[in-house]
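> Protein chains in written order, with the numbering used here: chain F, 1 to 334; chain X, 1 to 332.
Calculated directly from the structure, the hints in this document are not laboratory data.
Since we're looking at a predicted model, the values are computed, not measured.
From the three backbone atoms N, C-alpha and C, an ideal C-beta is built for every residue, glycine too.
Be a bit skeptical, because a hint or two may be false.
To be verified - Label pairs and their computed distance ranges (CB to CB):
(1) Ala98/F to Ser325/X: 51 to 59 Å
(2) Ile322/F to Lys324/X: 45 to 53 Å
(3) Leu25/X to Gly152/F: 26 to 34 Å
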Amino acid sequence: MAGKSGRTIEATPQDVWKKRIFSWEGMLVVLFLFINIFCRCISPNYTVANVLREMPKYLSEIFLLLPMAYILMLGEIDISVGSTVCLAATVACMATNANVPFVGVILITILTGAVCGMVNGFILLKFPELPSMIVTLGTQIVFRGIAEIMLGSGGSVSVTNTAGFRALSGEIGPFPYVFFLVLICGAIFVVLSVKTTFGRSLYAIGSNSRTSFYSGIKVGKIRFLVFTLMGTFAGIAALFLTSELYGANTTTGNGFEMDAIAMAVFGGISTAGGKGKMIGGLISAFIIVCLRIGLGQINMNPQVVLIILGALLICAVLIPNISAGLGLKKRKKI
Amino acid sequence: MEKKSVWKKITSSRETSLVIVLLVLVALISIKNPSFLGMQNILEILKNNSVIMIMALGMLCVLLIGGIDISITSSLAFAGMTVGMLFKNGVIHSTLLGFVIAMAIGAVCGLVTGLIIAKGNVTPIIATMGFMYIYRGFAYLVANSQWAGADALGDFKNFALESYLGLGFLNNVLFIVLICYIVFFVILKWTKFGRNIYAVGSNAEAAQISGINVARVKLSVYTMMGFLAGLCGALAVTIYASAQPNMQQGKEMDVIAACVIGGVSMNGGRGSVGGALLGALILSVIAKALPLVGIDALAQNTVKGFIIIVVIVLNVVTQRMMDKSNLERREM
Chain F
1 MAGKSGRTIE
11 ATPQDVWKKR
21 IFSWEGMLVV
31 LFLFINIFCR
41 CISPNYTVAN
51 VLREMPKYLS
61 EIFLLLPMAY
71 ILMLGEIDIS
81 VGSTVCLAAT
91 VACMATNANV
101 PFVGVILITI
111 LTGAVCGMVN
121 GFILLKFPEL
131 PSMIVTLGTQ
141 IVFRGIAEIM
151 LGSGGSVSVT
161 NTAGFRALSG
171 EIGPFPYVFF
181 LVLICGAIFV
191 VLSVKTTFGR
201 SLYAIGSNSR
211 TSFYSGIKVG
221 KIRFLVFTLM
231 GTFAGIAALF
241 LTSELYGANT
251 TTGNGFEMDA
261 IAMAVFGGIS
271 TAGGKGKMIG
281 GLISAFIIVC
291 LRIGLGQINM
301 NPQVVLIILG
311 ALLICAVLIP
321 NISAGLGLKK
331 RKKI
Chain X
1 MEKKSVWKKI
11 TSSRETSLVI
21 VLLVLVALIS
31 IKNPSFLGMQ
41 NILEILKNNS
51 VIMIMALGML
61 CVLLIGGIDI
71 SITSSLAFAG
81 MTVGMLFKNG
91 VIHSTLLGFV
101 IAMAIGAVCG
111 LVTGLIIAKG
121 NVTPIIATMG
131 FMYIYRGFAY
141 LVANSQWAGA
151 DALGDFKNFA
161 LESYLGLGFL
171 NNVLFIVLIC
181 YIVFFVILKW
191 TKFGRNIYAV
201 GSNAEAAQIS
211 GINVARVKLS
221 VYTMMGFLAG
231 LCGALAVTIY
241 ASAQPNMQQG
251 KEMDVIAACV
261 IGGVSMNGGR
271 GSVGGALLGA
281 LILSVIAKAL
291 PLVGIDALAQ
301 NTVKGFIIIV
311 VIVLNVVTQR
321 MMDKSNLERR
331 EM
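Next up, chain X with everything else stripped away, as it sits in the complex (with noise of 0.2 Å):
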């Protein structure tokens, strides 16, 4: 009986089904393209992609609490470019403490966003919509109509070459996407907090008469957002050895997309780690493959597009069965 309950758990997991389309996908391209499946080309990926990933686990705790953010690539911009800045006029030369700057302009960045949401009672788009131009035109100020280089990165930029935070066998970029993954997996897992924001996702009203501080909860929410966006932004900075005012522009959507793509809902209370990293890596996967099965270029963001549409409805599809067949053996 409990053999079967797990059993049954698995294979009726949203988690599973995604599993089951990434492997699809995967060899669907790999017999395609054989050179898909190697190892460099794989590490390619997940470093192009890592500033994404980072980022839907942040979106994910926002969704989670039922709130939104589409301010955060404009907040790694402004980070991102004080880095990129700082280290062009000379000011600061260790890579350490661009991510320690970068860090703490998104926590700054994410900790006003919230401060207005939760104290001031703001609808979360509205409030980030306004933030995405506040914190852009930062960005924009701080660039003084310049940008960074390779050339004025210095050390900065190896960072994303290097890997000595992984021991030598991972890609500094990929610890820290894996570190990421795993600090958020314990703390929605097994965390009191993690619990809170299941909680104030699921039913605000019924946690704060519970003892949750919601305001708290959604203070502490959009500014590890914030934090993570900083972080992405030094990431951005050294993965493309640049630094822009228009940086990551419009990406806002692909972290949301991924994060719905990985079975989270917008109404908050429901989705998970492993769901936003699934929903990550399938958007990735597709970038990727679709130059290499031959889909030109200018087609990809129909097809991107399309795909996402394809998977939300068929997500309601499956919701729909199950609710009736729910129904059925309730009849019976």
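Pulled out of the complex, with its shape left as it was, chain F reads as follows (with noise of 0.2 Å):
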């Protein structure tokens, strides 16, 4: 039985757990391949052009992938994510329509993303026994709350001057701006993860924050930055969001943090902390985005897209947990 015990941080090397994460990743490459061509089989419209123009429906939710990726390998969870795009979203239309000027837009809703963020942070900081899952569960309810209570009896809002947005919404060539932020913020995270002090420390704490506490590494401080972050990287994407939707109700980002916890999963990070890549975690998200414009293209009820969703995230975990499992009886019988 591998308990909290059994894990390990990968820079012991460890020839066996080692090949499997390497292959973890190839397999995605693979799958992420694969998965293009399906799409391109059943659909005559999957094309390079079209499938660029549809991303941006769906790359909001990458910017959330990104920080939860940390929380999940600092062994955390954050909930509250959809809310806080909710509550950043209603923010951004409402100062449009109150004629703040664009960048002041762009700088409150991010600043509103981050203060959510800080409150969970904070939380987790001041009572660090508390469980992550129980304490964002608390502000989930609030943050929409407060977003509900803005959005007043009518429960939703639009944007009237939607020329900002459309800005942010714009394109270089056949690529949408956000596709490069998306890449930029995202070669920016793997680097951090995986190059620096602070990307060590979040492995080291994620497989024992006990141990990293007592060899020095700020824990507590570590905790509180990497959920500020997560609501930062949620006001950018109410940005977005609202970007395409040009406004806001209160089921806006409603299951945006099961989406981004299902790709940071899926691409092999796991929940219980100090494991997988931030590299697989980006391509699965490119492969779930493309398989959900690819479905979505053939008119399949989202509802089947869901169900596929769901089956392909227990496989995800199921699969390697099963193989281990028989690689364990192997040895045992020699």
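Build the complex: two chains, separate frames, hints provided.
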């Protein structure tokens, strides 16, 4: 039984584990190609231009995936991000309607997200005994509740002056701005997690937070930082979401937290913490986005798409577990 | 000496503080609005929250073994929707059969979830997140863009209005809630299975070594949770006299919140039936009370979330104080 003690940090060379991790990212790349070929086969409209045009709709969720992967690496979870997106999107719409200059709107929106993240981080910093699941469950209800109060009895708001948001959803050639931004942020997050002390300490805390604390890592500070980062990116996601929808309502961002977690887990990042690679999360995010676009193009029932995604998610965790179990049995026989 | 320790046990137990919180809440509300304490009103509150109250029992067991299940409202919708469509299309007419089918569907959903978690070693939050999508998708597929309204449900919707199970005194729904609470109280308090649940939650490895089949305990707990979700699916259909594929969406968080307010630990091994009941009651009283004391309906969620945070923080603070005083006593 491999419990908490059975985890290994990647830096300690252990052949079996390293190989498996390596092959997981490799498998994801193969799967990515396979999914694209599959979508091309089922839908004649699945061309590069069309995919890029439809992508912005789904890309805002990747902004949530990036810091969510860090949170999972820490062994924590944040289920309040969907609500944070809702609140930030509401603030964005209202600020625009109040004739705030667009730069101000951007700042206010991101700030709103950051404050939400800070609230989570602050509670977890002051009361480290609390599981993050429960804290963010509470704040999830509060953040959406505040958005509900702001939206009033109508429950929705739409942007009257769309000029700023339209500029935000612009394109360079066939590529939308947001596509580049996702790639740049993704690259930064990958480098941060692999090449810096900060990234190392993420893995260390996720593997064993107590040991990390005693070896001088500022566990509370890093946790606070990562949750603030999560909120900030929820703000960014809200901006781009608004530039797609030109409005917000009480259900905006519903289930985003689950999608982000699903993408990360599918990419091989364990919810138990200390495992997985950022790059895997990014590849799996694009796999899911491409699959959604392809299945959407052939007008598949969105509920069936959800069933497929749910099954993929479970299989992604189940298959390595089963193969590991089989390997263990074999070794025992020898 | 004996007496003192019992008295101490009562005053220092979590349930007592919850009862006090509940009583204070009720007192404050009834000062502001005397109609709150009417029998009719109380029964109405209980009936409308029976789904949360019953599922809190299953969630209690799941949390006790250190797991979590966020797929419950999806399997609830799947079971409820299936029953609703069966009534709508005139396949079944008997209320009992409706309940049996819903419970069977729920139990199978729970069994599958349990198999993946117990035998496949998948983390509970991930497995149930996947099934949350899958079962909700099934509910939509069964519904096939239709829904079952009051006229389609026939006799089934009258179940929640009548009281033949409770011998004319107690509403049928409340009778079922009562039975569930009695059964779970007995199971967790006095049976081997109940002890096993606590053992697995406190230390799974130790439980395994001492001869408890951990996988089987997990499997049964998730199946039980699914069974209750199925039961609640049928109950929700009869209480609200409609079956829609999106019913009770997001309410799984309320169920978890009820347990947590009731002092059930997310790390497993700690929690009681009484706590779960009190947690669910406090949540439902708050929800009902806010409009009565003049808080805008729009602000209800904010207040609810805020209360959840305050309760869990208070929890930690009292725990710290208790640890501190224990330490001081030892030093003396």
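> Given a hint of 26 to 34 Å, does the C-beta separation of Leu25/X and Gly152/F actually sit inside it?
28 Å, holds
> CB of Ile322/F to CB of Lys324/X, is that within 45 to 53 Å?
For Ile322/F and Lys324/X the Cβ distance comes to about 47 Å; the hint holds.
> Does the hinted range 51 to 59 Å hold for Ala98/F and Ser325/X at CB?
53 Å, holds
When each numbered hint is compared with the structure, no violation occurs for any of them.
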